[in-house]
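Below are the chains, spelled out letter by letter.
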Amino acid sequence: MMHHPLIERLAGEAPVLIDGAWGTQMQARGLPIGACPDAWNLTQPAKVEDVARAYVNAGSRIILTNTFGANRFVLARHSLEAQTAEINRAGAALSKRATEGTPALVFASIGPSGKMLISDEVTEDALRDAFAEQAQALAAGGADAIVIETMSDLDEACIALEAAKATGLPVVVSMTYDSGKDKGRTMMGVTPEQAVERLEAAGADVIGANCGQGIEGYVQIAARLRQATSLPVWIKANAGLPELVEGRAVYRTSAEQFASFAPAVVSAGATFIGGCCGSSPDFIQSLKKILFSQN
Amino acid sequence: MDIQTLYDAIVNGNAKAARAVTQQALDEGMDPQTLLDGTMIPAMDEVGKRFERNEYFVPELLIAARAMKSALELLKPLLVAKGAEPVGKVAIGTVKGDLHDIGKNLVAAMLEGGGFEVIDLGVDVTPEKFISAVKERGAQVVALSALLTTTMSNMKGTIDALSEAGVRDQVKVIIGGAPVTQRFADEIGADGFSDNASGAVQMARKLVGA
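Taken in sequence, the protein lines are chains E and H. According to the numbering used here, the first sequence holds residues 1 to 295 in order. According to the numbering used here, the second sequence holds residues 1 to 210 in order.
Hints should not be assumed to be uniformly reliable.
Said to hold, decoys possible - Straight-line distance between alpha carbons at most 16 Å, and here's what the computed EDC-like set of lysine to aspartate or glutamate pairs gives: (1) Lys76(H) - Glu117(H); (2) Lys69(H) - Asp144(E); (3) Lys183(E) - Asp144(E); (4) Lys82(H) - Glu52(H); (5) Lys289(E) - Glu256(E); (6) Lys183(E) - Glu52(H); (7) Lys156(H) - Glu187(H); (8) Lys206(H) - Glu28(H); (9) Lys183(E) - Asp195(H); (10) Lys165(E) - Asp144(E); (11) Lys69(H) - Glu112(H); (12) Lys76(H) - Asp31(H); (13) Lys183(E) - Glu193(E); (14) Lys183(E) - Glu55(H); (15) Lys156(H) - Glu117(H); (16) Lys129(H) - Glu164(H); (17) Lys135(H) - Glu164(H); (18) Lys69(H) - Glu52(H); (19) Lys49(H) - Glu60(H); (20) Lys181(E) - Glu55(H); (21) Lys89(H) - Glu136(H); (22) Lys181(E) - Glu52(H); (23) Lys181(E) - Glu117(H); (24) Lys156(H) - Glu243(E).
To be verified - Chain H stretches covered by chain E per the calculated footprint, using a threshold of three residues with CB under 8 Å from any CB of chain E: (25) 32-46; (26) 149-161.
No wet-lab data here; the hints were simulated from the structure. Virtual Cβ for every residue (Gly too), placed ideally from N, Cα, C.
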């Protein structure tokens, strides 16, 4: 299979460090609970860039963008759908600026629409238009690649992939495995093997798994993806499951505990590794230490 | 006609067949309550069991619930005319500040499939709306959903508001959503918790004594 030159180059440097969670980092910088994080690309750009820079400084070779919920369906919950393109362009540009003068790259984030095809809440055409709008704006903002993440429905993931591929950028597609026996399926029942089959055929450049469970569970998922595909594998796990302490979510997994599983995830076959919910720049520093210190 | 056909149509999520067979059964003079209690609700229970055994996933739940709903639409006017009561009345919504409704919609569909009357209050629901659903519409169960760790604390706020409004004793509160745990449910004084839509139906039934 032909690999995209950028992905080929990165795969040659494996393991490649990605970033960690953004939402909690923005809350730490004053994002109110319930507010639209993506809107900050326009209203608080310096703070968004600061989060991006924190990950670059921590050692992330790849950083994402503050655009996870910046599709028109999710933005419409905040009456911001008219600014979809602007929010995405700004998000990509902010991350790009944070990488200036460093080797870090920007993989722009596209999250789920929050609408279910199977319940007829949305049509395939409407999804296609929405993801195309977002992907094109991310490309225009200077993204080096696109990552479609936290997907549970393979149909939606494939529609987003097709829209993202049309930009000419390499595309990562990452599903969330949080259901079924041993959390080996997505909420919609998709297995890693089923994901590989459809996503490979639809032209994904990297296939991944993120969110939904702690890193220990993703050792097995990485191995199953590795077994099923020759494409590079991308893993971003949560820092365990949250507990609520005095009204605030607390993730009990420490950066060191999280990083202690990283060698197993990498030897199971992950090329790209980072953190999802509950992780922070400290987690990336711990990953860097454990994965590269012996070299 | 063979009533097993209706059972199978629901379990397999065949809405068209479920509706056609229900119509046929009614035409043949079968009692709507017997159809509901004897065949349709047991079929949805089987769907729930398959989900819990990891044989069914969300898509299968949704298409089964849709088949159930299309059959139920034929029964409803007949049941209402006979003065039949639903299993119970549930007011459901995502708590204030939370706009994610996939889980809530799934639980609502399964509750309807389980014979409940569902008052869907939508997303970002204030405690006041839950209170009025109890006071004015007679909800016996309040079902609270939250996806975000940042909004799950509003579940406690809603329960506290139900207490302050003096209606906490007349309603059961069940909660669910990705970050929610049994421990959290206990901490905030909820009556029930489930980590899946099928379990939520069983919990609601238990709490209303159905």
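Hints and how they fare:
no.: 1; hint: Lys76(H) - Glu117(H); in the structure: holds (11 Å)
no.: 2; hint: Lys69(H) - Asp144(E); in the structure: violated (47 Å)
no.: 3; hint: Lys183(E) - Asp144(E); in the structure: violated (32 Å)
no.: 4; hint: Lys82(H) - Glu52(H); in the structure: violated (35 Å)
no.: 5; hint: Lys289(E) - Glu256(E); in the structure: holds (10 Å)
no.: 6; hint: Lys183(E) - Glu52(H); in the structure: holds (13 Å)
no.: 7; hint: Lys156(H) - Glu187(H); in the structure: holds (9 Å)
no.: 8; hint: Lys206(H) - Glu28(H); in the structure: violated (34 Å)
no.: 9; hint: Lys183(E) - Asp195(H); in the structure: holds (13 Å)
no.: 10; hint: Lys165(E) - Asp144(E); in the structure: holds (12 Å)
no.: 11; hint: Lys69(H) - Glu112(H); in the structure: holds (7 Å)
no.: 12; hint: Lys76(H) - Asp31(H); in the structure: holds (12 Å)
no.: 13; hint: Lys183(E) - Glu193(E); in the structure: holds (14 Å)
no.: 14; hint: Lys183(E) - Glu55(H); in the structure: holds (13 Å)
no.: 15; hint: Lys156(H) - Glu117(H); in the structure: violated (24 Å)
no.: 16; hint: Lys129(H) - Glu164(H); in the structure: holds (14 Å)
no.: 17; hint: Lys135(H) - Glu164(H); in the structure: holds (13 Å)
no.: 18; hint: Lys69(H) - Glu52(H); in the structure: violated (21 Å)
no.: 19; hint: Lys49(H) - Glu60(H); in the structure: holds (12 Å)
no.: 20; hint: Lys181(E) - Glu55(H); in the structure: holds (10 Å)
no.: 21; hint: Lys89(H) - Glu136(H); in the structure: holds (12 Å)
no.: 22; hint: Lys181(E) - Glu52(H); in the structure: holds (10 Å)
no.: 23; hint: Lys181(E) - Glu117(H); in the structure: violated (32 Å)
no.: 24; hint: Lys156(H) - Glu243(E); in the structure: holds (14 Å)
no.: 25; hint: 32-46; in the structure: violated (count 0)
no.: 26; hint: 149-161; in the structure: holds (count 6)
In this structure, the earlier hints numbered 2, 3, 4, 8, 15, 18, 23, 25 are contradicted, and the remaining ones agree with it.
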